[in-house]
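Protein sequence lines, in the order shown, are assigned to chains A and B.
The opening position of the first sequence corresponds to residue 1 in this note's numbering, with each subsequent residue numbered one higher.
The opening position of the second sequence corresponds to residue 1 in this note's numbering, with each subsequent residue numbered one higher.
If you are wondering where the hints come from, they were derived from the structure by calculation, not from laboratory data.
A portion of the hints provided could be inaccurate.
[Unchecked claim] Partial list, derived from the structure: chain A residues whose beta carbon lies under 8 Å from chain B:
| # | residue |
| --- | --- |
| 1 | ASP211 |
| 2 | LEU213 |
| 3 | LEU388 |
| 4 | TYR440 |
| 5 | ILE504 |
Note that the structure is a prediction, hence the values are computed from the model and not measured.
Ideal placement from N, C-alpha and C gives every residue a C-beta, glycine not left out.
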Amino acid sequence: MILLALATPPIDWAALAPPLALLAATGVNLLVAVLVPRGDRRVVGAFVALAGFAGALVAAAILFDQSPNGHGVIADAIQRDRLGAFTAMIIAGSGILAIGTSYREPMSDDHIAEYYALLASAGAGMVFLATASNLITLFLGLEWFSISLYILCAIDRELVGSLEAGLKYLIVGGFGSAILLFGSALVYGATGAIEFDRIAQVVQQQSLSDDALLVTGLALMIGGLGFKASAAPFHMWTPDVYEGAPTPVTAFMSAATKAVALVLMLRVLVTAFPQEARLWTVTVAAIACASLAVGNLAALVQRNVKRMLAYSSISHAGFMLIAIAANNALGARALLYYLIPYCAMSVGAFAVVAARERELNRPVTLDNLAGFGWERPLLGVSMVAFMLGFAGFPLTGGFVGKFYVFSAAYEHGWTWLVIVGVAATAVSLYYYLGVIRAMYFRPSEELQLATDPETAAKPPPPFSDTASGVVAGGSPPPERALQAAVTAALVVTVGSFFAVQPLIDAAKKAASSLPF
Amino acid sequence: MDPGWLTTALILLPAAGALVVWIMPLRPFAVGSTALLFALAEVALWIDAAARFDFDQSGLQLAQRQSWFSDLNVSYHVGFYGFSMWLVGLTVVVLAAAIGYAFWAGRERPRAYYGLMLLLTGAIVGVFVAQDLLLFYVFWEAMLIPLYFLVGVWGGAGRLRATLVFVIYTMAGSLLMLASIIVLGLSQGTFDLVESGTNGSDWIFLGFVAAFAVKAPIFPLHAWLPGAYRESSPEVSAVLSGVVSKVAAYGFLRIAIAKFPGPTADLRTPILVLAACGLVYGSLVAFRSPDLRGVIAYSSLAQMGLITLGLFAVNDLGLNGAVLQMINHGLISATLFLLAGAIERRTTTGELGALGGMARGRPALATVLMTTGVIALAVPGSAAFAGEFAILAGVFRTGYGYAIVGAAAMVLAAMYMLRLISAVLHRSPGPSVSEAALDLRPAELTVIVPLVALLLALSAWPAAITERSFASSPPIPNKGSVIATTEAGQLLMLSKELAAKGQSP
């Protein structure tokens with residue numbers, strides 16, 4: 001029998017535990033979608049997904065503890081190391097916060113269980129991708145979470161723009177995946193190896209570092225990962241998709257997708273292409289500068305808060321790419337540290353936007369945020385912390401993250417990159433502080449609800465419902481889940497400023513999996 | 001036994017007060033009194049710290065150090081030098097007065113307001129005691145957050161624009177400083193201010209100077225000043241011009257001059273010229289300003305120019321005079337802004353043309369304003385006179401031209417200050433001054449009189465500060481062979497010798 005000739009590799013189930021926990025949650029949720037009565041699906045689905053992400057978090061934490069020496073498992077298809085476990089923890093944490101944000105999202109109950117199934121599935125794909133150690137698993141993981149996200153973006157059919165967002169993401173994302181696949185194929189063609197470390201070996205042994213095929217493949221791979229990290233000039237889809245997708249999905253995407261794409265870019269570049277460092281450091285630095293420029297300048301003129309946060313996420317991709325471009329241990333540490341407050345701030349900020357959206361039942365703009373900070377003290381103070389964190393103010397982890405990133409660039413000898421980053425930070429203040437200004441400095445009497453095109457024609461009669469049946473400015477029921485998520489994000493944002501030492505130690509251990 | 005916890009307590013007490021005010025469900029009156037209580041406790045704590053401080057001993061005292069993250073050698077390191085002790089004293093006193101004034105005047109959303117004021121107190125104290133570059137930056141930026149809210153929420157009609165300009169200017173400078181801090185800290189291998197040695201890079205120096213020059217402000221980086229000082233509520237203006245500007249002067253002293261002797265010597269001339277320009281320009285604009293706050297704001301610009309002259313004279317006289325003048329000006333401009341607030345409450349305007357004749361029937365107001373104004377114009381015998389004289393004597397050794405400009409500016413100071421006094425108190429009653437406008441109330445007096453009393457005490461005994469700022473050693477912690485090789489170092493040595501011959505102010 002031919003089957004006997006195929007030796008199945010030993011499976012390290014522990015290494016696979018995080019994605020398996022999330023896959024189990026996916027499977028259970030698909031059953032929930034058909035077996036549980038309609039009215040209960042929202043609660044059950046959320047709890048199953050929560051269990052999945054919490055399980056993945058615990059499994060990743062154990063894995064982090066148990067894998068001091070990184071090594072390939074399952075025929076070297078994936079890497080069991082602290083870098084993967086660290087990233088898995090960040091993704092699982094973002095997922096938990098995203099579930100809190102999703103809980104009261106006004107979505108019809110029809111597909112709510114599928115929504116949570118897809119959320120868990122996307123998380124599983126990301127967690128798996130974070131451990132990828134060859135070109136096949138790289139592509140597999142990437143497509144796995146991307147396909148889940150395409151559907152998630154389009155899942156709320158009643159939301160204007162959701163379907164459009166999904167389609168746009170599908171087309172552009174598919175294009176990005178194709179570029180990555182093509183790049184991988186070229187690299188394989190040049191080296192005949194698919195494992196990252198084998199690629200590096202072959203390049204060194206056969207001195208292929210100037211090989212046109214290899215360099216082209218590398219460039220295409222950077223581009224493909226750049227799409228997922230939404231770095232300029234591969235960012236075109238980001239504002240539209242972030243704006244159109246349901247806000248909890250945007251929250252999850254902006255945090256987890258970026259985290260995994262950047263960690264993977266770091267892993268691929270450092271393990272597979274150390275000989276090409278002189279090429280890719282400059283390329284990544286250029287992409288970082290482009291992202292900083294595009295993200296910051298475009299965010300300046302946005303009135304829609306989700307769109308503004310989308311551009312802000314592009315600029316943050318730029319900051320984190322600086323850490324990758326530094327190509328040193330400090331840079332790896334900087335990236336991994338930066339991701340912790342960044343993901344918390346990102347999910348938290350979108351969660352606050354989601355809360356306001358549900359109050360107003362319309363997209364949140366800087367104008368209709370007026371007075372929000374005074375009306376909702378907890379959400380307001382949290383949003384202030386997230387904005388200040390994005391802007392790199394002290395008392396938030398965003399400051400320490402930026403400090404590490406700039407330090408890494410300086411250690412690489414690129415003081416000019418520090419200056420670029422500092423200039424970008426200065427520009428970013430305008431729009432981050434603009435949110436605070438909108439929330440606190442403008443009294444809520446200035447709130448102009450009539451600017452909405454639907455209601456602009458007729459003056460809104462007092463005390464009457466808007467078209468959707470929600471009294472504008474009225475008080476919706478308190479959202480405990482969302483408040484808990486925002487509070488957790490706030491704790492991480494501020495806590496990461498004070499507890500730098502333990503977090504940076506963890507990041508250091510994770511970064512030690514990489515050959516610096 | 002060095003009670004370093006006192007320094008930390010000075011930072012944490014106001015922060016704890018802020019949390020109490022924010023979280024505890026207090027009634028509005030209780031909020032104000034709780035905040036005031038915390039501010040007064042902070043003053044008491046400072047008095048305790050000052051009593052334990054040995055002013056004759058050089059080096060860092062009341063120090064506390066704790067590693068923050070070790071891979072880049074960043075630590076929580078705080079402690080006092082003589083001059084920082086005085087500046088912290090100024091901070092806690094002015095902030096207590098400001099909180100007292102706000103308590104009396106009443107502010108909307110009191111919980112948020114007093115919490116932010118207390119947080120601001122902690123942050124400013126932190127800047128003065130931080131002995132780690134990154135920690136210094138952390139407090140420096142943390143200071144901006146409450147200020148942004150205090151001006152932006154409780155300010156006047158033009159507050160949105162004023163805060164925007166204020167923040168953009170400040171942050172542009174601060175971020176250049178961050179870049180400088182990173183380069184300096186990583187090249188030294190430590191961010192500790194006491195451990196790290198001097199540096200000779202002009203660019204790093206300029207990054208720091210940019211931040212301090214914006215915050216001070218130094219001419220021509222003062223575009224944020226009129227808006228911020230005019231649109232804030234009076235007590236916030238008092239804090240801004242009285243204390244926050246001193247943070248910048250402290251930065252010049254503690255970092256720019258102490259860590260960069262070479263660049264200081266290289267770039268001293270342009271800085272001195274700009275400071276002198278600011279001194280003259282600020283005085284002239286103050287003389288022509290149509291409103292109370294404008295006069296005080298631009299006189300603040302002028303005074304910061306004078307203080308910068310003293311600092312960059314880099315000799316004992318100049319440095320001692322500058323520290324004394326920092327305290328003087330902090331108290332003077334805080335008093336004047338609070339008085340301006342009191343006058344604006346009574347007349348609903350700060351336009352000098354609409355004021356006048358307020359001395360009649362309002363003896364307390366007239367006495368307090370007159371006393372402060374006379375001290376501010378540096379009448380001989382006043383604390384400001386001692387400070388300005390020492391500064392001018394110090395800068396005279398650097399170049400007599402600066403001293404001439406400075407002396408001329410003292411005349412201008414007399415002009416604008418007398419104009420302000422007579423426009424408010426004398427002449428016939430202005431259109432906005434009604435007969436019913438009251439004299440200063442006892443509550444206002446309890447806030448303002450202590451500040452004036454401190455000024456009078458300093459007038460009687462300026463040596464309390466000049467002889468207790470730099471102990472026996474200059475502010476430069478690592479003087480010695482490194483610094484003596486530079487021009488600035490030689491200047492310092494020279495000034496020590498001169499001082500030893502008995503040429504003190």
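Cross-check of the supplied hints:
Contact between ASP211 (chain A) and chain B, as hinted, is not supported at the beta carbon level, the nearest pair being about 36 Å apart and thus beyond 8 Å. Checking LEU213 (chain A) against chain B by beta carbon gives a least distance of about 39 Å; that is not within 8 Å, so the hint is violated. Interface hint at LEU388 (chain A): satisfied, since its Cβ lies 7 Å from the closest Cβ of chain B, which is below the 8 Å cut-off. Hint on TYR440 (chain A) holds. Least Cβ distance to chain B is approximately 6 Å, under the 8 Å limit.
For ILE504 (chain A), the suggested interface contact is upheld, since its CB lies about 5 Å from the closest CB of chain B, less than 8 Å.
The structure fails to meet hints 1, 2 from the earlier list, while all remaining hints are met.
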